[in-house]
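2 protein chains.
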Amino acid sequence: MRYLTSKLSQQIDDELMSVAGAFSLDQLMELAGLACAQTLATVYRKDVYPRVLVCCGPGNQGGDGLVAARHLGMFGYNPIIYMPKPGSKDIYQRLQKQCENMYIPIIPPSNDLEDLRKALQHTDVILDAIFGFSFKPPIRAPFDAVIPILNESRLPIVSVDIPSGWDVEKGNVHGIGLRPSALISLTAPKQGVSDFVGRHFIGGRFVPKSLDEKFELHLPQYPGFDQIVELVSGTNKTSS
Amino acid sequence: MRYLTSKLSQQIDDELMSVAGAFSLDQLMELAGLACAQTLATVYRKDVYPRVLVCCGPGNQGGDGLVAARHLGMFGYNPIIYMPKPGSKDIYQRLQKQCENMYIPIIPPSNDLEDLRKALQHTDVILDAIFGFSFKPPIRAPFDAVIPILNESRLPIVSVDIPSGWDVEKGNVHGIGLRPSALISLTAPKQGVSDFVGRHFIGGRFVPKSLDEKFELHLPQYPGFDQIVELVSGTNKTSS
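Here the protein sequences come in this chain order: A and B.
At position 136 of the first sequence the residue is numbered 136 (full-length UniProt numbering), and the sequence of numbers has no breaks.
At position 40 of the second sequence the residue is numbered 40 (full-length UniProt numbering), and the sequence of numbers has no breaks.
Among these hints, one or two may not hold up.
Each pair may be met inside one copy or between any two copies, as identical chains are not told apart.
Said to hold, decoys possible - When the alpha-carbon atoms are kept at most 35 Å apart in a straight line, the in silico DSBU-like pairs for lysine-lysine are as follows:
id	residue 1	residue 2
1	K46	K170
2	K89	K214
3	K214	K97
4	K118	K214
5	K97	K136
6	K7	K118
7	K209	K118
8	K136	K209
9	K214	K46
10	K214	K136
No wet-lab data here; the hints were simulated from the structure.
As the structure is a computational prediction, the values presented were derived from the model and not from experiment.
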């Protein structure tokens, strides 16, 4: 399986949403967010970990987080959304509204970290949808303060695509990133997570055969009609 | 659980996609089509029934069928799309393109029923996505001829929402509709299928709690993180 650079990830995303790929952002985000929710539900059962703090960044990954929050609500979890810097795109507002219709609480945007600290006291597991494959350091406020607080909580963390604060290609080189126990890579894993040691899933079962071939992704086979597949160690890797 | 009229089904769909509901057609169609594919895969295993003829109508249900065809391709089935009257909306063209990128064959649109007859000789199971909850008789050409041919094939049929040719509220009163062995009701079942005797599933796990309450749908509880739930006989029904 190929581990992707930030640039190649962007190229694949662009191709999926091009005239040739024909996907809309709504479709991809829906399937990606569903895969995130299913990963969390696979690793952290709702009877033991019902309270999920869904941390959303201002970009597309925050959108994946909002979709995941809605599905987690559907699955019977009690998600709460922490989104200190809401994205401006129309789609985030629609996704947020969908969560509100599920009665999912949203912590009002603010730079006051007390809200976050308080929420963590009532959290069983964190879904990290803060930064995605287009993240470039440095970590901007308020997330530079948020990430250490999340780590210090010692709660289990499920990260989406790339643990927030990690270099997309080099990993947690500066030691300032989140320390997740589980990871869901979307489309294909990024180079920065090649040494990740927790449970690692792939999601985004929408990459057509033509694109898998073109980019030589060698994606793993998903079982049955699942939307996620767990990687087992010893998987072949090719950097690109 | 409430069994819906055609009018109420339309009202719920409109509400889901209103400013208040905030869903896009792309999102709903993606989850609906995924539920259709999962239903077929649950009832007809791909090692025994690998070849699926996906029959699509010209409306939104045809779009659900195209999404289902793509997911069936992802699941390892060999779907073929039969869509004699393609819809004109941009979304159908995008969904069709997504199927082409999965190398899913599409029978060229035509009124020549020989194409259909030939395809049925190489089919193990049919997915019926021809008419949905807004169907009003009479059955228009070429579907007036297509439906008897599908029935005569004696192949198992999975119908989406309402078996094609059935009255949405009264069922197969004229005996001219398809005779499916399994059914996937989207959002909530329609009045016309209240006496359906095959395996019956509900899909479309996107109805928010607020809307379930407003329309008193009393939707069944989905298991785990599945996108479909099978109904067992003896379920309470309320007509509306």
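Against the structure, the hints come out as follows:
no.	hint	verdict
1	K46 <-> K170	within (33 Å within a copy, 41 Å between copies)
2	K89 <-> K214	both (31 Å within a copy, 29 Å between copies)
3	K214 <-> K97	between (37 Å within a copy, 17 Å between copies)
4	K118 <-> K214	between (48 Å within a copy, 33 Å between copies)
5	K97 <-> K136	both (29 Å within a copy, 34 Å between copies)
6	K7 <-> K118	neither (38 Å within a copy, 46 Å between copies)
7	K209 <-> K118	between (46 Å within a copy, 26 Å between copies)
8	K136 <-> K209	within (30 Å within a copy, 38 Å between copies)
9	K214 <-> K46	between (39 Å within a copy, 27 Å between copies)
10	K214 <-> K136	within (27 Å within a copy, 45 Å between copies)
Violated hint: 6 only; the structure is consistent with all others.
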